[in-house]
Each structure stands twice: as structure tokens, then as C-alpha cells.
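Listed below are the residues making up each chain.
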Amino acid sequence: MIAVLELFLRLAAWLLLAPLLPGIINRVKSWVAGRRGPPVLQLYYDLARLWRKGIVLSTAVSPAHIAGPALAWVALVGAALLLPVGQAGATLSFRGDALLFVYLLAFARFCLALAALDTGSAFAGMGVAREVSYAVLAEAAIITALLTLCVQSNSVSLVTMLAPSAGAGAALLAAGLFGVLLAENCRVPFDDPNTHLELTMIHEAMVLDHSGPPLAAILHGAALKLLLFAVLLTEAVLPLGKLSLLPALAALAGSVLLVAVIAGLVESLMARLAFRRVPLLLTTAFVLCVFALLVAWKGGMP
Amino acid sequence: MSGAMNLLIGLAMGFSLVALASSRLPSVIRAAAFQGMILGVLPLLLEAKFHWLVVAVAIGTITVKGFVIPSLLRRALRAANIDREVEPLLGFVPSLLLGAAATVGAAALATVLPLRPEHARSLLVPGAFATVVCGFILLIARTKAISQVCGYLMLENGIYLFGLLLINSTPLLVEAGILLDLTVAVFVIGIIVDRIQREFDTLDTRKLNSLRE
Amino acid sequence: MISLLLIALPLLAAAAAFAWPGERTRPWFLPAAGGVHTALAFWLLANPPVLARDAWFGFDPLARAVLPMVSLLFLVCSIYGVSYLRLRSERKNRVFVTALLVMIGLLSLALQAQNLGLLWVAAEATTLVTVPLLHFNRTARAFEASWKYLLVGGTGIALSLLGSFCLGYASLHGGGNGDLAFTALVAQGASLTRPWLITAWVLLLAGYGTKMGLAPMHTWKPDAYGEAPGMVGALLAGGTTTMAFVAILRVKQVVDAAGAGDMTERTLLAFGLFSMVVAALFLLTTKDYKRMLAYSSVEHMGILAVGAALGGAGVWAALFHVWTNALTKGALFLSAGNLRRAAGAQTSDLVSGLAWRAPVSARIFVAGLFAVTACPPFGVFFSELKIILATFQMDNFFAATVFLGCLFFAFFGMGRLVFAIVDGRPRTANRPPGERIPEQPGVILPPLLFLGLSLWLGLAAPALLRAAWTAAAAQLPLPPP
Amino acid sequence: MTPGGLLGIAGIGLTAGILGAFKAPRLWLAATLTGAAAAFAAAVWALATGPVWDWQPGFVIGGEALHLRLDGLSAFFLLLLSVLGGAGTLYAAEYWADRDHPVSAPSARAWWNGLLLSMGGVLLCANGLHFLIGWEIFTVCAYFLITTERQRPAARAAGWLYLAASHVAMVCLFAFFALLAARTGGWELGPMGDRPGLAPLFWLALVGFGLKAGLFPLHIWLPSAHANAPSHVSAILSGMAIKLGIYGLVRFTGWLPVPDSAGWVVALLGVVSAVLGVAFALGQHDLKRLLAYHSVENIGIILIGLGFAMIAAAQGQAAWGRLALAGALLHIWNHGLFKALLFLGAGSVVHATGTREMSRLGGLWRALPWTASLFALAATAIAGLPPLNGFVSEWLVYLGLFDAVSAHGTAAYAAIPAAVALGLTGALALACFVKVCGVVFLGLPRTPISRHVHECGWRMRLPMLGLGAACVAIGLAPVLFWPALVSAADAWQPGWVDDASSTPLATLGSFHLALAGLVILAAVLLWRRVKQNGIRRAGTWDCGYAAPAPRMQYTAGSFAGIITGWFDWILRPVRHAHLPKDNFPARADFAEHTPETVLERVIEPAGSLVQRLSLAVRRLQDGRVQAYILYLLLGLAALAILAVMGGPR
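Chains as they are written, first to last, in this note's numbering: chain A, 1 to 302; chain B, 1001 to 1213; chain C, 2001 to 2481; chain D, 3001 to 3649.
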């Protein structure tokens, strides 16, 4: 009974808090730009409206067009359940759940990509191609990051992997993971969430033909993913496992907020890169993770 | 005895050199024929006791090698109305020199190989090897079928010469069989030459190279 | 007594066939004589006679190990011959039939000969009697082929005669009586004079190697096999070469007994491997599917030589290979003959799509390809594997490597050619492409029979044969290391 | 019913199938299916109940006494063989029916049974000679199956390439087994770890079996062969035939001692095959060629697992070695299942449209709903995504690698790059299968051919459903299959893999189960919500472009462009482009083709070199008899030198 209750609590927390981050980021951007940006809760309103709206389906699409977003969303929620929250640990934790976490994200990508290709739109194809291609490099970076955590915690389970701090390589790891975060969540400098030129889109181009509840699922999933990465990044760097629950939660919240702010700052201070430069940047992130791994390896050596 | 033999053997070696040197096919044939006849005589000198089979063999050899085959070849020659070996693969002077060298080499080889005392002073072994090599030279260096046949004849003459070393030890039956084979072989070759002459109406073996890779 | 019958019977049959008036019925002499001959040979295989000490010829272990194969080969070929000669009824077959019968008689003599001189006589006679078989087709190419066969083969055989004399002189000089009987020579053993012995071995190996078709003395083979009728090719590749191989084995026995085993081993191995390499190189780019068989035969002669060089187990495997190779080649030659008739040409430039034109023969040819390139469960696979095994047992890795490499290249070349002529658009030199060739059972069953024999040898070589090979191999013991 | 009886039934059934293949297709179908079922039962029996079935009926084949043995490892592969064989048989009954292929169908059926029989023989033979026989017969059967459409030159060329490559493997195995027999003094196979002298033989086995398995530099024959064979043949070839190469490697690395470097080399080859295999796959536009290259990739994954298991065995690190081994073994099954499913799906596409060219397909989900959905399922599995079986095995391999890393041993230096490469491979495979599914099944038909097509009948659908079900089952309840892994692994390294405790497979399975349930639930809910809110249909928006045409869809080539760009150094694609010029371009076209680099840049030049040598040698046979006699003399001279050289002893 308690367990079920706890499960629902965590679930509620993840689902409800997720849409906050984009709002914060937008706030930061508009603050830097000196505008009165949209309210922080804007995404909540959008989601609610989309959930009630009707939907326009392309004549080309198959059921996958609807199923895709749903599957992706579920996969992301599942990933969220694997991610520990400081002392409280994760809802479900076992050896190797770290890899499951990574592959759930991949699964979500797969579903969204197919849902997008379903329309047969050239732009969707373009966006999907970019998404899956850059994900290759991001994947390598994440695996390296996990290896780093594994080396210093001698474990393949997120709870124990994320408990200690990243040690000497923390800064490197943080930088690398932050790069991956930007790439995976289609933020500047990899992608521009609010561009209006389809030729330059990645993620946006994938959802061009989505509308109504599926779009809501996609947007919420994206927000959730952003939150997941923020939490992962934080916990990989900070020794939250060492603190007791409440301080840990506070630290977590604070640092996630910090990540969001930094993302917002980056977004408003940098221009998006030309596509041919994107792999370079991702490779940099990967290399950073590798260095972190080396540092951890040396540190881990008796 | 062995003096006379050595004389004859030397003569035979001389004929093989003649065959090498001469460009006219009739003379090549004649040389081979004379050589054959000389070899035919040899066993009679060699054989201590008189044996009818030896005589028969000798007569057979003389007739076949001295008359039958030459006439066969001459017939083919007339049919093809050629009488010279034009443009041989290896010129006459070189082949003559080669033949001479071969003769010397053969003599040298014969000294290397250990011989029984009674053969030590005879020319049998060097003569045999020299004739064989000369036969090979004819086979390789000439383009007319006729001269090749003569080369083959000389090759066999050389071997026959060598065989005389064993004439006492090997059973005569075998000897007879061997001689029979040799003669039949030359016969068959003669026949084939004749057929070739009819088929291609030439005896120039350079025309016979449609079978190749 | 029966061993004499093996020789005399075919010769008598030959005489009878020569005298026989009926063109249509004469061919039946072949299977008749072949049948009796095979029966006798296998009877002797089952209960070998005791050998007289100073016999001229006799059914000794070596003869026992191969002679039944030769007569079996002849039997199946002669069955083929009946239908073949009916198809070629425009040719007079008197000489052909007679020569064939003489040939098998002389082969039986050569294989049984206990005296080097007698062996040579028989070998030379076989060479001569083959000539009319070669130019059965009376084409210009056939004459050319027989001319080359006669000149090259004759030279080789002459060399072997010289070699025989040298061996005799070695015995004479070594204090023997110069007798060329094998038993005497072996008995004389080490007292044979070494220089003469070596000379003799060199000349005999070169001479009989020419007959066997070891490179570089193989040059007559492609021409002869390419122009001769298929069944003659089969008999040459399975019978004559076997005779030459046995001759070499017998001489090797003498030379080994004289204590020069390492030399025979060295020379045989070198020539065997060289032949395999040459054959593989020629096979790689050959376009003529009858000459291809000749080169394949060169390769397999090389394999035999390698086996003989290894001694002991190698000789056993080589004798095994004599059987498998000859019978498999039989299938290939006979089906190749059918294809040749069906296509009217024998190069892949002119011919393709034979699988459609002559389905059965083409399938047999493909099966034969796999059989002869050591694909199980055909016999060649087992015999070659045994030889490879022997090389490894002797720790001769170089030989094994060359051997295996040649196997691959030979397969590559042959396979490419065979599939080139079998597959694809029907295209032939002589007939409108739309036409199929009637394939009488008479020309289809014999090659099938050969394939069956190859299979049978591979999967279940009877203990009797194995015993015979073991007995023969025991005569050539491993040279002391 | 002992496995002996069952295997007997299987053998009889398959043989009867050969007899029935020509005249009685129905008999063939029944007999072959019965045989497959019997073999399946036997394999299950052997895997479920421990004991090794060992049968030595005194009769002799080829001079060696027949000796069959069914231990865990053989049974493990036999199970896969029986499943794929049965599926392929049923599939072929419709896919390659006499109606469509009156000439080739009967012989194809016969060769098919021959293939199944010989593969089973290879798995069962405990005698080197018979192993070799079975191996070669299976090679030849496969050749005749690949060239089922002999009239197509492409098929013949592919078959010939396969046969030649297999012959190289054959030569290596000749040497391998002959050496083994020469050293051990007999053909009997079995554990011989106590003979360290046998270790070098491993390299022969690696080349011989690796060629069949299609690991990277030796894979040259694989793509064209699998692409040109009929699809049920492609399925069994890449599902089972190449696994026999793996079987050989696993078998003999388990029985024979191996050199110290063996494990590292195998792992390295695995990494190379995995990454480059998927890279080449991305470059393909031919549906079946693409799938074939994915076989190379998955063989790579298997070899990574096997290689690390070997390293662990050498270092005595059972802890993580068992995980790598289990992952490799399970991936053998998984790849067999989903790759067969993919090929059967591709087969039904080819069956319907008559083309393998992806750029001519599109929007097939309407016409082929079953094929499309099953293909998508298999794609998810092969991309290694949860909750399907592909992920389970890759996850086990990952666990092995990560444990190796956290063990801080020397193996870690290899495990780190291997793990990263595995991640790369996964992401690349995902990209590749997004491309395949999207281009072939989604969007709109690019050409008329893919408009008027029909779904395949039940005899083609049923096998696909079965295979799909198997993929799902292993994905959702992996723990059920653990005993099989244990008994197979025990045959390799006794007492290594004890129980499931070392891996939380049960937890993973339940998570997968929950995930699957939720996924379906969410999809349904969302769909109902959408229904409630109401649906309007419209053309694809395409950013307001007025007249979107199907040809405007993203093509496979442009989709993979970014990634293939990264691999240009090895792919070396050939591009023909007429780019549009000036304002009103008349015509423009772009064609791209990715050649088989290793074959065309390495093998063929070397081959032509040998060819030239051969042509040079042939000139010696110039038809002049004088030359021939000269050769004879030269031979004589050489012989004399050879005889005198070394001299009398």
C-alpha cells in the first residue's frame, strides 16, 4: 500500500514538475532579452489546451502516428522511475538499470522518429535524419559518462552510481553531460526550439504534423526528458547520496534550477551552430566524458 | 676386338655430328641410317658366343634402321617435295658446336660414373650419352618433322648403344622385346609423319601449333 | 595362371575383334572382355595367388592394389563405348576396338610385370597402341595431338629405357648379374652402385613421370585429352597414368632398398608439388573444359607423387587416391564427351547453357566437378584428406600449405569454367539454340555408375581393398629418418 | 521419448521430405515440419534435462565410426535450427510455390531439406571427419539454394562468390581437422584442454569458421549471397548458417586450448564487425543487402561477448565472463529470430512488389499491415530496444563489459572501448532501422509498383507471427530461457554459469512486462482521446507547399547521408550527380551506390594479380613440340640437381 502510494507520489512529482523547466528557461531568455516573456507555467496551459483540442491527421499517416508519441511518453516515464532521487533512491533499482535508462531514451527516440516519418513529409525526414544521426554521438558520450560513474562506484546500478560525487573529474563530466543535455533536448547551440525556418529544424521538424493530444504527449515528454537529464547531471556531479533526504532534495532542486538557468543563458548568449559544426561540438562533449573517465580511472586505481 | 668396336662407335658419333651439321634432309636421313646400321653390327662383335637370336636382332635392326625407315622418310620427303631444313630454331654451326660440347661432356660424365674394368676403355658409355644428347638437339632445334624423326632415331640409337653394356646380363627375350618396340615406335612415327604430310601437306612442325593455350 | 589370363584374354579378344566382320556388333567385344577381365581381377583381389620367386609377371600386392581398378574402369568405359560407337557409326571401329583391347591387355601386363625390362616393353607398347585411339576423330587437331603425344611420350619412354639400363648397370657394377628383375634388384639392396643408382632414378622418374604427366613433362596431356574421345581420355587418365605411377613405385622400392630413400622422397615431393602448382595456375584461366580435365589430371598426379613421397601412410593414401581419382575422372571424361557432342565445341567462348541443352550430362559434370575437387561424400575427399593427414604426420607444413593452396585455386578455376558452360543462355557451335540433345541411357548410365563408385569408395571402401592397399604400402616402408 | 528417437524421426522426416520434394509438395511440407518439430522437441529435452545424449551405433562411415552427441551447446543451436527451419519451410510453401516457379521450386525444396539435414549433422557429429563432411555438404546445399534463380546472372555471381569464399574456409578447416587428427591420433572430438600444443590451431579455426560467420574482413561473400537468395533461404542463411560459424568457434574454443591473445583478437574483430557492419548497412539502398550487413553487425556483437568470455576464461574471471558469455549465447538466438523475421518480412515485400530497391517503395503499411507491423517489431528488437529480446542480450553483454571495467583488471582496457562501440552500434542500428521502416512502410508509395499490392497469405504470415512471438517472449520473460543458457554455457566452461542470481533478469523481465502493458494502455488511451476530440483529415502540411508529390519524400540515401558521410573513408560510395543548373533546370539526377569495399578494393586486385601470373604461365604451352621436349630436358636437369643435391645419406 505504502509502496503504491510512494510510486504515485514520485510519478506525480516527475510528471508535474517536468513542464516547469522550459518555462524557467524561457523566463531566463526573456529576462536576458529584457522582455516580459511568457509566464513560467505557460507550458501547463499549452498542454491542457492541446489535450482538449481536436486533431488534424495527414492522409498519409498510419496508426504509428498516434501510437508513437504515446510509446515515447511511456518510455520516458519509465526512465524517470529508474532515476534515483538522492537518499530516497529510485522506485525500481537493479543491476544494470543504468543501461536500461539509456535504452529507454533510445526507444522514445525511435518511436518519435517513426511517428514523424509517417507523414511522408520531406521536412520530417530531414529532422529525423538529423535527430538520429546526432544521437549516435550523444549515445557514445552517455555510455562513456556511465562508464565513468561505474569506474568510481564499481556498480552498474544508478542508485549507487549516482550516490558519490564524480570526484576529480566532476567538472569534466558536468561539462560533457551538459553538452549531451543540450543536444538531446534540442536546445541552442544544437537546435533552436523556437525557430520558424523548417530547413534548420531538428526536433521541431519532427513534430510539424502533430497536433492535439499526441502533440501534448510529445511536448510533455520533451519536458520530462529535459528534467531527467538535468537530474542525472546534478546527481552525477553532487554527492547527494551522502546527504539526508531533505537537504538532498533541496540541493537537487536548486541545482536543477541552476542547470535550467545556465541552459537559458547559453540559449540567449549563443547562436545556433551550422549543422556541419554540430558533430564537432558533440564530439567535444564525448571527449570531455572520456577525459572524465580517465581521471576517474586514475582515481579509482588503488 | 674392343679396338674395332671403339672405331665403329666413334664412327657412329661422327654420323650424329654430321646429322647435326647438314642442312639437307636426305643427308640427315642418311646419317641416321648409317648410324643405325653400325649399331646393328655391334652386337655381333660384342657377343662372345654365337647366338641365333643375336643375329636375328642384328639383321632386323640393320634392315629396319638402315633401309625401311629411311625409305619411309624419303617417301614422305618426296611427297612434300622439300629437301632442306630452312631456318632451324637453332642454326647449324651452333648446333654442331653444341653437339661437340655434348660429346666432350658425355666423355667427362662417363669418367665420373664408375665403370667395370672391361668397359673402362670402351667408348660405349660416352658414345651412348653423346648420341642421346645429339638426338635431343635435333629434336629441339629442328622444325621439319623429318629431322625430328631422325633426332628420335638417334636418341634411340644412343640408348641401344648403352644397352649393349648389358647384353650379356639381360635376358635376350627382353632385348628382343625392346628392339621390337623401338622399331615399331619408329614405324608408327613414320606413319604419323606420312599422315601429317597428307593432312597439312607440309612437314613443317611450325604449322602444327593449333593446340595451344 | 589367372594373372596370365588377365593379359592373354584381352589380347585374344583383340585378335578376334580385328578379325570380326560386323561393324555394328564388334563393339560388344569390349564389355564382354571387360566383364570377364573385371571378374578375374576381383577374384584375384579376393584370393591373391602366391608369387613364384622368379616369375616374369605376377599378381603381387602392388598389382593387387590397383589392377582391379583399371579393369573396372575399362569395363564401365567399354559399356559406354558400345553406345558411343553406335553414335559415331560413320567411323570404322575395327582399329579402335582392337587397340582398346590390346591396351587393357598391355596395361595388365605392365601392372603385373616383375621385371623392369618387361615393364618397359609393356609401357612402350601401351604408348604406341594409344596412338590410333587418339586420332579416332581423324581431324587435323587429332593428328597434331597424336604427333605431340608420340614425340614427347616417346622421348620420355626412351629416357626410362636408358634409366632401366642404368639400373641394370648399377646392379652389374655392384657385383650383381645385371638382371632387371625387381626381386633381384631389391635383394641386391645397398650393393647397387650409388652413382648409377641415382642416374637410373633420375632417368626413370623423368621417363615414367612423362607418361604419368608430372609437370614439366605434362605438355602432351592437354592436347591428347582434349582431342581424344572421352572414353579414351578416361582410360588414359585412369589406366596409363596409374601404370606409370606403379612403375615409379616399383623403382622407388628398389632405390629405397638401396638406401637412397631420402633422395626419392625429396625428388617425388618436389615434382609432386611443382605439378600441383603448375596445374593450379593453368586451371585458373583455362577456357576449354576438356583440356581442363587434363590439367586436373596433372594436379592429381602431383597429389599421387606427394603421397608416394611421404611413404607409409602416404603411399596407402596415394593408392586409395589412385582409385578415387580414376573413377571420378571417368565420370568427368564421359560426361564431358557427351557435352562435347551436344555443344560441338569445347571452350566457354563458344558454349554456355548446357544445363538446358543436355541436362543430365551437365548435372553429372557438375557433380563430378564437386567430386574431383574433394567435396564429400565423394571418394576424392577422403583420399586427399588422408594425404593431407600424412603430410601433417610428417610435420611437413610447407607441403601441406602448398597442397591446400593448390586445392583452392584448382577448385576456383575449374568451378568458374564449369558453371560458365553449364549455366546461362543456351549457346552452342553446331546446333540451333532451340534444340535439345537426346541423351541415351547408354551414355548416361556409365558416368553415373562412376559417380556411384566414387561415392561408394568414399563412404564404405571395403575392408578387402583397404587390406590390399595396406599390403602394397607395406612394400614401401617409411624411409628411416 | 528419448532424444535419440526424436532425432531419428527428424532425420527420417527430412529425408522423406527430400524424396517428396519433386513430386509431392504436400508430403514434403508435412514431413519437413514433422522433422523440425521432432528436432525441436529433442533440443528442448536436452536443454531441459541435463544429461548429454551420446550415441555410438557401431557402423562406419568413411572409415570412421559414427558418433553423435547432443550436449547443451549442440541442443542450444539445434533449437534455433529447428525453429527457423520449420518457419522457413512453411513460408516457402507459399513464397516459392510451384505455381510461380515451376522449374526451381522442386529442386529448391530438395536442397532446403539437404541444408537442414547437413546443418543438423554438423551440430550432432562428435567425429571430426563427419563434422567436416556435414559442413561441406551444408556449404554446397547453401550454394544451390542461393542460386535458386540460376537464370539471373546476379544470383549466379553471388552464389559463385559464396562458394569460392566457402572453399577458402573449407581449406582452412581441412588443415584444422587434419592437424587435430594428426596431433591427437584420431578423429574423435571432445574436451582436450590438457594438450597445450593444440593452441595454435585456433587461428585456423578462426579463419575457417569466421569466414562462414561473416566477421568483418571475411564477410565479402555475405551481402550479395543473402540479397540474391530467395528470402526464406536468406532467413535461414543469416539466421542459422552463419551461426554455425559461431558454433564452430564456441565449440572449439571450449574444447581446445587457445592462445593467450585469442580472446582479445576475437573481441577486436567483434568490435570492428559491429561498427563497420552497421555503417555499411546504412549505405545500402537494397532492402535485403542492408539486412545482410546487419548480420555482420550482430555477429560482431556476439563475438564481443564471446571474446570477453574467452578473456575471462583465460584470466579466471567467471564473475563477468559468464555475463558476456550468456549475452553472446542469447544474442545468437535473438539474432536468429529477429533477423529471420526481418528477412521473411522483406520476402513478403519482394513477393508483393517484386523489387528490393527501397527508393521505389513506400507507404506499404496500407497494403501489408501484418508485414509492416511485424517488420517494425523485429526492427525494434534488432535495434536493441526494450522491451524486446535484442535488448536483453545486449544488456547482458553490457553488464559483462561494465563489470569487467569495474573489476579494474587488464580486461578493462578492452572493455571500455568495447562498451562505447556497442553503444555506437546500437544508436547506428536504430538510425538504420528508422530509415528502413520509414522509407519502406511509412509515408506514401514512391512509385506505382508499390500501390497495387496484396498482403501475403497465412502460410507466409504464420511463421512471421511465430518468430515475432518468440522475440516478444524472450523480451518479456528472459528468465524462462536462462536454464537453456546455463546448460549451453556449461558445455563451454563447466560450472561457470550457475543460476539466474548473477543477473536480475527476473526484475528486468517484469519491468519489460509492465512497460509493454503501459505502452499498449497509453496508446489505447491516447487513441480514444483523439477520437473524442475528433479527427480532421488533410494532406501532409509540408510547410504549406502547394503540390507535395510522393517523390518529394526523403529518400534512404539522403536520410543516411549524414552518418555515411562520417564513414566515407571506408564506405567509398560511388556518386553520379547531375545537379540542377541555372534558373530553370532542365533535368537533374543523383545516384549513389555503396560498393563492397573489402571485395572491390582488396580481394579483386589481388585476384587479378594471380590471374595475370596464370596468363603469363600459359604462354609456355605455346604448341611447339620442340619447346615441350626442351621442358622435358629441363625437368630432367632439375631432377638431376635435386637428386645430387643433399647427396647420399
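Honestly, the hints are just simulated from the structure, not real lab data.
Some hints could be false.
Calculated cross-link-like contacts (lysine-lysine; reagent style DSS-like; alpha-carbon spacing at most 25 Å) [said to hold, decoys possible]:
hint	chain 1	residue 1	chain 2	residue 2
1	B	LYS1207	C	LYS2092
2	A	LYS242	A	LYS298
3	A	LYS53	D	LYS3531
Computed from a prediction, not measured in an experiment: that's the story for all the values here.
Here is what the structure says about each hint:
{"no.": "1", "hint": "B:LYS1207 / C:LYS2092", "verdict": "violated (28 Å)"}
{"no.": "2", "hint": "A:LYS242 / A:LYS298", "verdict": "holds (23 Å)"}
{"no.": "3", "hint": "A:LYS53 / D:LYS3531", "verdict": "holds (11 Å)"}
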